[in-house]
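Colleague: Here are the chains, one letter per residue:
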Amino acid sequence: MALRLPRSGVPQVLAFLAILAINWTVSPQFFDIRLQDGRLFGSLIDVFNRGAPVALLSLGMVLVIATRGIDLSVGAVMAISGAIAASLADTHPLPVVLAAALGAGLLCGLWNGLLVAVLGIQPIVATLILMVAGRGIAQLITEGRIVTFTAPELVWFGGGSVLGIPAPVAITLGMLLVTLILVRGTALGLMIEATGGNARASALAGVGTTAMTMAVYVWCSLCAALAGIIAAADILGADANNAGLWLELDAILAVVIGGTSLFGGRFSLVYAVLGALIIQAMNTGILLSGFRPEFNLVVKAVVVLVVLLMQSPRLSGLGLLLSRVSK
Amino acid sequence: MAVTPLLETRGLTKSFAGVCVLDHVDFTLRAGEIHALLGENGAGKSTLIKLVTGVVSRDAGTVLLDGAAVDLRSADAALSAGVATVYQEVNMLPNLSVAQNLFLGRQPTRFGFVRESEMRRRATVLLNEFGLDIDVAAPLGDYSVAVQQITAIARAVDMSARVLILDEPTASLDKHEVEILFAAMRQLAGRGIGIVFVTHFLDQVYAISDRITVLRNGRLVGERETAKLPRMELVHMMLGRELSEVTVARSHHVAGMAHPPYAVFRQFGKAGTIAPFDLELRSGEVVGLAGLLGSGRTETARLVFGADRADVGTATVDGRAARLHSPRDAVQLGFGYCPEERKTDGIVAELTVRENIVLALQARRGLLKPLSRREQDEIATRFIKLLDIRPADPERPIGLLSGGNQQKALLARWLAISPRLLILDEPTRGIDVGAHAEIIRLIRQLCADGLALLVISSELEEIVTYADQVIVLRERAHVTALTSDAINVTSILAAIAADLPRAA
Chain F
5 MALRLPRSGV PQVLAFLAIL AINWTVSPQF FDIRLQDGRL FGSLIDVFNR GAPVALLSLG
65 MVLVIATRGI DLSVGAVMAI SGAIAASLAD THPLPVVLAA ALGAGLLCGL WNGLLVAVLG
125 IQPIVATLIL MVAGRGIAQL ITEGRIVTFT APELVWFGGG SVLGIPAPVA ITLGMLLVTL
185 ILVRGTALGL MIEATGGNAR ASALAGVGTT AMTMAVYVWC SLCAALAGII AAADILGADA
245 NNAGLWLELD AILAVVIGGT SLFGGRFSLV YAVLGALIIQ AMNTGILLSG FRPEFNLVVK
305 AVVVLVVLLM QSPRLSGLGL LLSRVSK
Chain R
3 MAVTPLLETR GLTKSFAGVC VLDHVDFTLR AGEIHALLGE NGAGKSTLIK LVTGVVSRDA
63 GTVLLDGAAV DLRSADAALS AGVATVYQEV NMLPNLSVAQ NLFLGRQPTR FGFVRESEMR
123 RRATVLLNEF GLDIDVAAPL GDYSVAVQQI TAIARAVDMS ARVLILDEPT ASLDKHEVEI
183 LFAAMRQLAG RGIGIVFVTH FLDQVYAISD RITVLRNGRL VGERETAKLP RMELVHMMLG
243 RELSEVTVAR SHHVAGMAHP PYAVFRQFGK AGTIAPFDLE LRSGEVVGLA GLLGSGRTET
303 ARLVFGADRA DVGTATVDGR AARLHSPRDA VQLGFGYCPE ERKTDGIVAE LTVRENIVLA
363 LQARRGLLKP LSRREQDEIA TRFIKLLDIR PADPERPIGL LSGGNQQKAL LARWLAISPR
423 LLILDEPTRG IDVGAHAEII RLIRQLCADG LALLVISSEL EEIVTYADQV IVLRERAHVT
483 ALTSDAINVT SILAAIAADL PRAA
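Protein sequence lines correspond, in order, to chains F and R.
For the first sequence, the residue numbers in our numbering are 5 to 331.
For the second sequence, the residue numbers in our numbering are 3 to 506.
Bound-form chain R, shown alone (with noise of 0.2 angstroms):
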């Protein structure tokens, strides 16, 4: 033991609802470095802040600040014990001044009366040391997000952290905003200070961060030091994972290739979402999206299924040009559509199970042609029976069933309509290894029966179970295209690392 480390974590367990979310982590930041938290969606990064700052209690393990343990229960208690945590959604106050943003709380008075100028004095002289030379009565909500994220850093600083955690602070920064906040996070690890840098952006990590440590479902993969750890590893320690439950080489359709494609997409996309793409999905086949957190996937079955608009491109179902405005065109097209966030984009909480599976039924229906509540009841009842819903109640409301069960209800409301193309975006993300395997076999089953199905995964040993065809997505745009033999998680893994072309 050379050095006492500034902030520690010893087996750090955190469950919800049953669901381990976090498994035994350990966590180490010395003084003075910079040091990236990476995993994907889902993965614990924010339980983990969340338990280290005390904004939510653990079930188990410690929390060493310089070598002591620390129990802090609230995020002021972490700031006095000199934890700052900044998030990507600056929550500081954009109708006052910089300064007085800076000084919130602890304003420089005198005989009880604000002073003013010495505010904005010390908050000139604070914000110089950062390298920003800004009007600070000017109200913050005036300046860049980058500004924004500085005037926290500096804020924090100034309250005396010692360690800093930055989550996602560059998730909505151009290029040069980068620069200016990575001279910032530089200048302060300089002066001693821990940085905790989440984010997914590699390239980001690699230009800043001094050490690596990876998270995957809750578990801590490994900590290396960024220099010694190539790209190619560092995204499989993200994204890889052993072949345990899901064992079961590649099953091989045939028949595939003969049907003609059901939907067809060409120069497809929308312009700062997602560059044009080609696709095509025939019926009995699966098509797998693979890449990184923000590379792109999401926002192309969100254009596929007209929950965004696309700006360019034309779209061609079943041999007829397609009108892809909204869902509710897509629905009618036999489109089905089971997003990443279950909570906000898919159930509705307080609605029964039966009225959440046949929500979208009744939707492409009208209004004028209500399904009778026996209808109701026997669609409910047959999709329950199906996919084993559990509990097996009809009238329970959606929310309290769990995670895995509010997944297969979704399916049902997407089955119920007898889609002909289904997108299902990370559908096993966030249930439980029993509810995992189900969903696998459901989506070779659907594909069996001849649907035609976009899966978006970043179980990468999973997609190349389904798969007949993998495209890979980096940067926003559609990079590779692999397909039956080709498909292997050494190649995926190479074409979501592979370098970018630069410019010589």
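In isolation and in its complexed conformation, chain F is listed as follows (with noise of 0.2 angstroms):
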């Protein structure tokens, strides 16, 4: 693994502004906003509002990656989290319905965190466990149905606003500070980073590696429950088969395109997040463009493809080699 200097986080933001300008190329509008019923609205606005519950789960995914691990559950979390939130909100009142979705997501934290953690099971295999039975509990909840519900105060989570912020960027941008001060306020990110890095050195240096990365995967998955309730509100619905489906992909890759190596270590919870933005961009660029969706998934893998490519290691001693011979 090749050492490197401190990211500065440069061609992210880069790449960030690069895909809004193009998309301000192919549709002149993009950069207008307006303010209707005291809310924003406007496709730089519908970036992070649709960019929102990837941004969630990129939040949770990035510590999981620096301790060297994955979580691939969370997509199927998000669906059992929408589940109990949708079937609940029309006969609980909210306090009731948000503690039964996020506690689950803790459960689910808690058991992909015994898995790796405390068995020492491969976090790929470990969470694949959840990732294919997490969204048959979520059918079992829903009864295969699609579970609807017209509670007003779970509706705000997906159309209401703070201060014309829609709700599920004002929550995405509160727990990211949550997180920031969870993990930089206290010496929890140098204990990941160092775990991820060398877990064997790190216990040996007294850093109780178990309960960290039992914390991690706990945090991921009550960001995934959290973001399972902003999906669910913003259908009004809760879709057991199509919740968070493949979005434990797109968030692996938000974190991978902020910068975070899957061989953990370093890690960036403001770039993660700006990794899940870019994606969305994307997306939002591709539909305002006229192209057709599916073009999407080709634009998303070419992006994949140079990010790892800027990664490699061998490139980069190629890139080396060749500076070397221009010289």
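Please keep in mind that the hints were generated in silico from the structure rather than gathered at the bench.
All figures in this text were calculated on a predicted structure; none of them were measured in a lab.
We put the CB at the ideal spot given by N, CA and C, even for glycine.
Warning: the hint list may mix true and false statements.
Partner residues aside, some chain R positions facing chain F, computed with beta carbon under 7 angstroms [to be verified]:
#, residue
1, L353
2, L361
3, A362
4, Q364
5, A365
6, R366
7, L369
8, P372
Combine the two chains into a complex, taking the hints into account.
Modeller: Have a look at this one:
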């Protein structure tokens, strides 16, 4: 693994701006923002709003990946929490609904953490279990139907706003701040980076690696549960078959675009969220440009390829060699 | 010159990142002999093997096969030239059958189809030559490591290997299995195949080898005939060291014994790892652990630090019964441990020097009491200056530093927690001479400052200059404790080399 000097994040910011600029050229009204019923609307706002669930997922995912793990179950956890929230919304007060949905997320996180941190199962396999089972659990909760609801308190999570900012964006921003405080305000960030960088050495330095690994999986599932509530509120219902489907891959992609290596170690919360926004900006741009949405997948794949090529130690070695030769 | 040697190296030299790991080494293997290649960790045994087989490219020197210079570039090239290597971790495929493993990539075929029955027949014949009568259709993984080793050897020999390099083949074998392997080796030597046998079990060296070559710190110490080399002299060749840089006389601490012991271990041990031992560590005193590789030195250190959990015995620290279930417990008690394997167990390569230094202190303070960036900078700068870590840049990833400077940064990590007991496992291994002397000076200084120290070292002259007590280990047990005037290289060597009390 190549050793890198601390990142600057410049490539991510430039990429985001470049995609926004491209979006502006294909759709000149891209940056138009209007205020309607006390809430901001416009394509740019849409990028943030639609990007919120994946951004939330990436907040948890980046911590998991920093410990050299991965969590494939976040999409399924979204489906579970969305199903619970939608089923309870019209019959129970909001605090109960939220507690039940987030509580389910907590349990999912404990399960993943138990498998990975305590039993030592490889993260990709351990979380695959919940990825498969979780969607089944969600379908059991909704009894195979699309459960709809009308409770306005829950609807707010998708369509509401705070000071004009759409609720999903505000919630994501809030979670970003909370996560930043939890991770960088305490020593957790250093411990996670140390564990991801060298778990053996960290344990010998007295770092409680087991509890910490547990904690990141729990946090990841909590973020996913919150994303599931937003996704359900957005469509006023829970679709256990499709809620959060494949979003684990978008979340992983967002983390990788954000410059956190799948080898673990150094991570950046802010750039992971930016990664999620980059993905959403591309999606929105393709929709606006009038290309068929199928293009989306191909373009995404190209972006993944470029990012991974930039991270490849061999390629950077090659680049170094070329630059030497050219001198 | 009677006969042309089978394999010969002349002046083989290799440096990694500016550190010379093999320095003009000559090595000669004759046909039909079993040649033991000995040396402590980092002596250059594996580097020598890798240079011969071309896995690693050499900086200087020649490799001669049958008297002709060869330039092997890969393990494949070596194999086709007749040089085969069998490693401790058998790199074969446990899920395939024994026969498939033996003939992988060269299966007997007819019209492009593998002839399974023919393959099995040949496999049975081949293994019979080695005294193995097993079901060759069963997966290799079902058999013991010894059988797997012999299968690997049989494969190599069947591919017309004339030089066979066995890298610690017996490390995970029991006594009976070693006998099976030795029988196979003797039979091959009888056929004129030259065998290089790397091991650290001296009993086995004397049981099977004809000749011994000893390496130390990348240099050739000598080549001898096994029958004419007394055990004592062999140990001296492996561990002894010309008193050149470190020629300071022992410094005696008079106050040492007056202190009550800081940490006391009674009948502390772990089944299969280290026999129960008693150990007393006092402030201002250095206890050295001496013994050959695999004698239980590191195992003792890991047990004391809680990295492995003792299954018998008690630990008392500062007069109170102590819980030592994990390194976390040990760090809370004020223990520090610089492991031998810096890269895998010590540094977090991609984090900065600053982060590596504050890691243990932060772990001890807990998550909720983070050191501010200013405190971290202050600690890092202080220790970089105190220990003269170079380059003096706290923000440089530690993986980019030299071995000696990494070691100093790890020392800084522990000094930052103001430890009461520091365990150093081979603190001077793999670092250049300058840093070497500094670390020894530092050990003395720490001891004078009132730390209790437990130091493992293969450099006996080194131990002698700073230890107040030397515990000699053999075969995973503490066998002798030497104190004050009894501490000298000769007495330590004698204790290491002493023959085991055998049942008459």
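Colleague: Taking the hints in turn, state whether each one holds.
Modeller: A quick look at each hint next to the structure:
no.: 1; hint: L353; in the structure: holds (6 angstroms)
no.: 2; hint: L361; in the structure: holds (5 angstroms)
no.: 3; hint: A362; in the structure: holds (4 angstroms)
no.: 4; hint: Q364; in the structure: holds (5 angstroms)
no.: 5; hint: A365; in the structure: holds (4 angstroms)
no.: 6; hint: R366; in the structure: holds (6 angstroms)
no.: 7; hint: L369; in the structure: holds (5 angstroms)
no.: 8; hint: P372; in the structure: holds (4 angstroms)
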